[in-house]
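Novice: Protein sequence lines, in the order shown, are assigned to chains A and B.
When the letters of the first sequence are read in order and numbered with the working numbering, they come out as residues 3 to 332.
When the letters of the second sequence are read in order and numbered with the working numbering, they come out as residues 3 to 332.
Keep in mind that the hints were calculated from the coordinates and are not lab data.
Hints may be right or wrong, so weigh each one.
Remember, identical chains collapse to one label, so a pair may be satisfied in a single copy or spanning two.
As the list claims (entries may be wrong) - Derived SDA-like pairs: lysine to any residue, alpha-carbon spacing no greater than 20 Å straight-line:
#1 LYS4 <-> THR205
#2 LYS131 <-> ALA177
#3 LYS4 <-> PHE239
#4 LYS4 <-> GLU226
#5 LYS131 <-> ASP86
#6 LYS4 <-> THR232
#7 LYS4 <-> ALA195
#8 LYS201 <-> THR232
There are 2 protein chains.
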Amino acid sequence: MKMLINVPETVVADALRGMAAAHPELTVDVDNRVIVRRDAPVAGKVALVSGGGSGHEPLHGGFVGPGMLSAACPGEVFTSPVPDQMLRAAAAVDSGAGVLFIVKNYTGDVLNFDMAAELAEDEGIQIAKVLVNDDVAVTDSLYTAGRRGTGATLFVEKIAGAAAEEGQPLERVEAVARQINESSRSFGVALSAVTTPAKGSPTFDLPPGELELGIGIHGEPGRERRAMMTSREIADFAVHAVLEDLQPRNPVLVLVNGMGATPLLELYGFNAEVQRVLGERGVAVARTLVGNYVTSLDMAGASVTLCQVDEEVLRLWDAPVRTPGLRWGV
Amino acid sequence: MKMLINVPETVVADALRGMAAAHPELTVDVDNRVIVRRDAPVAGKVALVSGGGSGHEPLHGGFVGPGMLSAACPGEVFTSPVPDQMLRAAAAVDSGAGVLFIVKNYTGDVLNFDMAAELAEDEGIQIAKVLVNDDVAVTDSLYTAGRRGTGATLFVEKIAGAAAEEGQPLERVEAVARQINESSRSFGVALSAVTTPAKGSPTFDLPPGELELGIGIHGEPGRERRAMMTSREIADFAVHAVLEDLQPRNPVLVLVNGMGATPLLELYGFNAEVQRVLGERGVAVARTLVGNYVTSLDMAGASVTLCQVDEEVLRLWDAPVRTPGLRWGV
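Using the sequences provided together with the hints, build the complete structure.
Specialist: Dropping the structure here:
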């Protein structure tokens, strides 16, 4: 598999240098692998820190900025960052109002953020944590005990980020983040396998003419393989899987998320089918976002995330955000 | 090749239905294939209309909105829209201040926009046209006499769009658009071929271990094939090709554009190398944009576009824009 890289060993460092050049509004510490909004710490404001393996861009580094994350820690590709990165990030952004760690539910991330929380508290930084585990496809998988964290991470980071930006205290920001995770569910499909720079060949074998339903964002196995399905059939399957678990009574935010290599033209067409299913099931749609936000390198496919919202959450969703990957209202 | 579609015949219509659902701020006429900003026509404002084959999203439909295009006409995949679409778009957005057609230099687009201009003028709409032909890789190619129009289209649409938004008259907006095209050059590389829905298999054969230098955005041939190169080597080749032709004396805008299937992680790493070459050549960088903006469906690869700017152009670049694909300052 051909890649636009130098050598696998420098992929993350090279990308951080490229981010630094493109985004003077961020402080990118290439050596220590921490991306921080330039004006941090913001006096009186709760800070949000997230992170995880690289390869899911723009998540998380592309979501650093006013109205969303205060800092992000990128690990190696598909590998958790280390506690020292998280501690450094927390120290850089804490204004004294405390720090919320947003942690996708993968074993490495959970352990390392736990350790970083202890270290940070030893240094007098108040830490709260929220675990994102929205993927209904499987319980327990290759890297996870329980459900995986996927597309809902964007909703948690945006909405809790808005609450923090308007000055809500740590316990409220944490409660909002927890509420968003509990109100969100995701389901993804893969049309092709993912290739990591280190391995250089696809991480699993997906034969021509088949797709994998319920895939994660690291190429870990899903629920089942089937003969290739149409956009219409995939939307039926994915949205039903989400609705069965979520059973929303309120309007929903919709994220139709590309895994990386699926053209935007196809994602918009898939969105039309997702909206059709939601309409048939009587689910009202408050807002829709279509694009590549929580990706898996060069994997083809898509995921659907729904988050049921009340008026207060919708207000926070609509609040201004200014990051490389998500931007509106400012 | 697996795709997230229903049938090839409905790919464009399906995508337009999905755009309509995701973007209530746009008026999407699915039957007639015209995407219009909802508040058009804007009294006293020059309107900008572009369009071209589908498969390059977010170009052009994703660039409709305040500060950029007034309307866009998507054709079938890699196929020019028809004059009737362009006429309909012009009629929908003309406030009496005239309409600028922004035309990428492909034979079909040029002929059809010419015909639409005649039809529109017959209906009393004042039309100006600007041709975008920034690709230095080849003169004449599969679909083009002269140079192809690629990444500079984004610069023309954004900067002329800002001039129109602040009320500049048609002759000024046209002059700005022409200046931006003349100040811009691009060069692209492909690491994989592109597969159209209608064909279902790659449009050309690119062996493992080779890349194509100077590729267009439809899989048309480039300058040459070589054994796979590193990000550093590709940046040297592409930036030198652009600089040789442009010889900028002013600072430049940089667009590091993904062709569709290359991960954002790799695009940022490639940007680091592009910035290195520019630094070595003493070219000052005013702004940098990294992402998938002028794509070629599922092709892997990237292009570099440089546009030399003066203070006035930079002011227009920084002016507010609110479209699905490009958004800042509002």
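Novice: So, for every hint listed, does it hold in this structure?
Specialist: Verification of the hints:
1. Within a single copy, LYS4 and THR205 get their C-alpha atoms as close as 14 Å, and across copies as close as 18 Å, so both meet the 20 Å cut-off.
2. In this assembly of identical chains, LYS131 and ALA177 lie within 20 Å of each other by CA distance solely inside one copy; the values are 10 Å within and 55 Å between copies.
3. Only between protomers do LYS4 and PHE239 lie at most 20 Å apart by alpha-carbon distance; the minimum there is 17 Å, versus 33 Å within a single protomer.
4. Taking the closest pair of Cα atoms, LYS4 and GLU226 come within 20 Å of each other only across two copies (17 Å); inside a single copy the shortest separation is 28 Å, beyond that limit.
5. In the homo-oligomer, the alpha carbons of LYS131 and ASP86 lie at most 20 Å apart inside one protomer (17 Å), although the nearest pairing across protomers, at 57 Å, exceeds that limit.
6. In this homomeric assembly, LYS4 and THR232 come within 20 Å of each other (Cα to Cα) only across copies, at 10 Å, whereas the closest approach inside a single copy is 28 Å.
7. Taking CA atoms no more than 20 Å apart as the test, LYS4 paired with ALA195 passes in both settings, with 14 Å inside one copy and 12 Å between copies.
8. Taking identical chains as interchangeable, the C-alpha atoms of LYS201 and THR232 lie at most 20 Å apart only when they sit on different chains, with a minimum of 17 Å there against 31 Å within one chain.
Comparing the model with each earlier hint shows no violations; every hint is respected.
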